[in-house]
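Those protein sequences? They're chains Z and R, same order as listed.
Quick note: the first sequence uses the numbering used here, first residue 1, plus one each step.
Quick note: the second sequence uses the numbering used here, first residue 224, plus one each step.
Hint data in this document are derived by calculation from the structure and do not stem from the laboratory.
Mixed in with the good hints there might be a few duds.
What the hints assert, rightly or not - Simulated crosslink set (DSS-like; lysine-lysine; CA at most 27 Å straight-line): (1) Z/84 x R/331; (2) Z/84 x R/264; (3) R/380 x Z/67; (4) R/350 x Z/23; (5) R/435 x Z/67; (6) Z/17 x R/350; (7) R/352 x Z/193; (8) Z/67 x R/406; (9) Z/5 x R/265; (10) Z/23 x R/352; (11) R/535 x Z/84; (12) Z/5 x R/355; (13) Z/212 x Z/31; (14) Z/30 x R/265; (15) Z/84 x R/350.
Stated by the list, open to error - A short list of chain Z residues far from chain R (calculated; beta carbon distances all over 12 Å): (16) 46; (17) 68; (18) 163; (19) 175; (20) 222.
Claimed, not checked - What the simulated footprint calls covered on chain Z by chain R, stretch by stretch (three residues with Cβ under 8 Å from a Cβ of chain R suffice, anywhere in the stretch; the number is not a length): (21) 20 to 31; (22) 70 to 82; (23) 139 to 151.
Since this is a predicted model, take the numbers as computed values, not measurements.
Glycine included, each C-beta is placed from N, C-alpha and C at the ideal position.
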Amino acid sequence: MIVAKNISKIYFEGSKKEFYALKNINFEIKKGSFVIFKGVSGSGKSTLLSILSTISKPSFGEILFDKEPVSKYPDIHASSFRAKNIGYIFQSFNLFEDLTVFVNVSLPLIPLGFSQKDIDKKVEEILTLSNILHKKDEIVSNLSGGEKQRCAIARALINNSNTILCDEPTSSLDYENSMNFIKTLKELKESGKTIVVATHDPLFFELDFVDKVFELKNGVLVE
Amino acid sequence: MSSIFLSNEILIFLFLQTTIYTLLLISFIYSITILRDWDFKKSTVLQYKLEKRSYLVILIISFSLFIKILLFFYFIFSIDNLSHFVVGAMCAAGIFSLEYGEISLFLKLTNLFFIGIWFVLNSLDLKRKDYKYTKIKLLLFIFIFICLTFEYILDFKFLLNIPLNKAVECCSVIFETSSISSKIPFGLVNSSLILILYILFVLIVILNIQKKSILLLFFNILFVYISYFAVTYFFSTYIYELPTHQCPFCMLQSEYYFIGYFIWSALFLGLFFSICSVVFYRNNSLDIYKFYKLSLIFTTIFVFLVTFFVLKYYVVNGVFL
């Protein structure tokens, strides 16, 4: 269960430019559910996801993951929590363009202390699941948008994390690749993972397997 | 200027001291502001700010205190080096016998123990997700900072008063052989001093195995006290291979392969870890046995080192001094 309690994020605090990217956000996300945060660009979706993932901290309020106040964790523990529990698919993929698909996907396993043999095995499995095994030795910059997306999915799943956060995952995909991606998310949900998607893509709004849709408007949550 | 204040070693030392002190002063000010408003249970803007700030402050403190440890060795090394310029001094002993010398050295040593405890506390805090020891760590730092302020003032007072044109006493006068018995505590003579040292060592080993932390600390303090006199008036003669040469400082020189640094470090580290076994006795998240083990290891290294010189002398020369 993920609980957000009175989350706010203030940028340029104390200066003339000060503004609230998020204001008093409260919600609960049950384990294994599929939740969408929709809203136009600048509504605070990415900020909320980065706080949910412990990449950044709220200005006040807190995030509880299974009753653990992860937003209060010191950075080193937040990183460790993230590495074990969160899979994140970024809007622009955030892959290392000059490295191969295999290396990109294997990177999250390195700090966790896996042996090279285990890493090889896990990466092969996840690349097969993400249908990108045939490109494993390809440099990322040579991949198409859809292939990059699959590579990013593989990287998000490699740690077998129970929570997958997706930030505008279909923004750079065509219709066919978007539908393929949605299909993958459905499969992940069916396997018991909690999926949180921040998007303004209408494709997501009519899906029958979505449990809850939250709308963000100027940093305020409208259910 | 008739002092060694403007020598390269001292200027470098004071420059580093001042830089580190400035960093510590900034950390001290921030520590007070953090302590004033810290409440981990709150999820307010201020608390999040304090958590971020504490991370940076603690990083600065860790760096500065680590440099302070290195500076201690540099200080001893510099004073020993400069003894060649001071009339009458043959090693650091002559310079430390001047006004503020001994108190300055004692304070530096004491501060090292506090700094060590701070580092253990810090490593404990870094393992926590709830900043459990942050407050106590910052409070300890404030106390350390006050001690370091005294140390900083004493450094100036001491270093400003080392004359170049006035003879100071050399170690052979300070620790002269004719009056040994009056200098060794409890009216002991060398043989009984050494006997007590080895008995104390055996006791420390037994208490270490039995994990009796308070008793261990008591005997470790006694052991350090006795060891100081034993090294100065007995073991040092074997290190220098000269029955009339008794000094705790000359062994820090290159002629003796800087063995003094290892001997004294091992002795004080043994004491430090036995202090830790008492201070962190009730802490479940720390492997307390590690402190017992380390205390025993360093005390044994010390005993091994000093004994080695006696045995080496006997093997080479066939007699004891």
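Quick check: which numbered hints come out false for this structure? 1, 3, 4, 5, 6, 8, 11, 17, 21, 23
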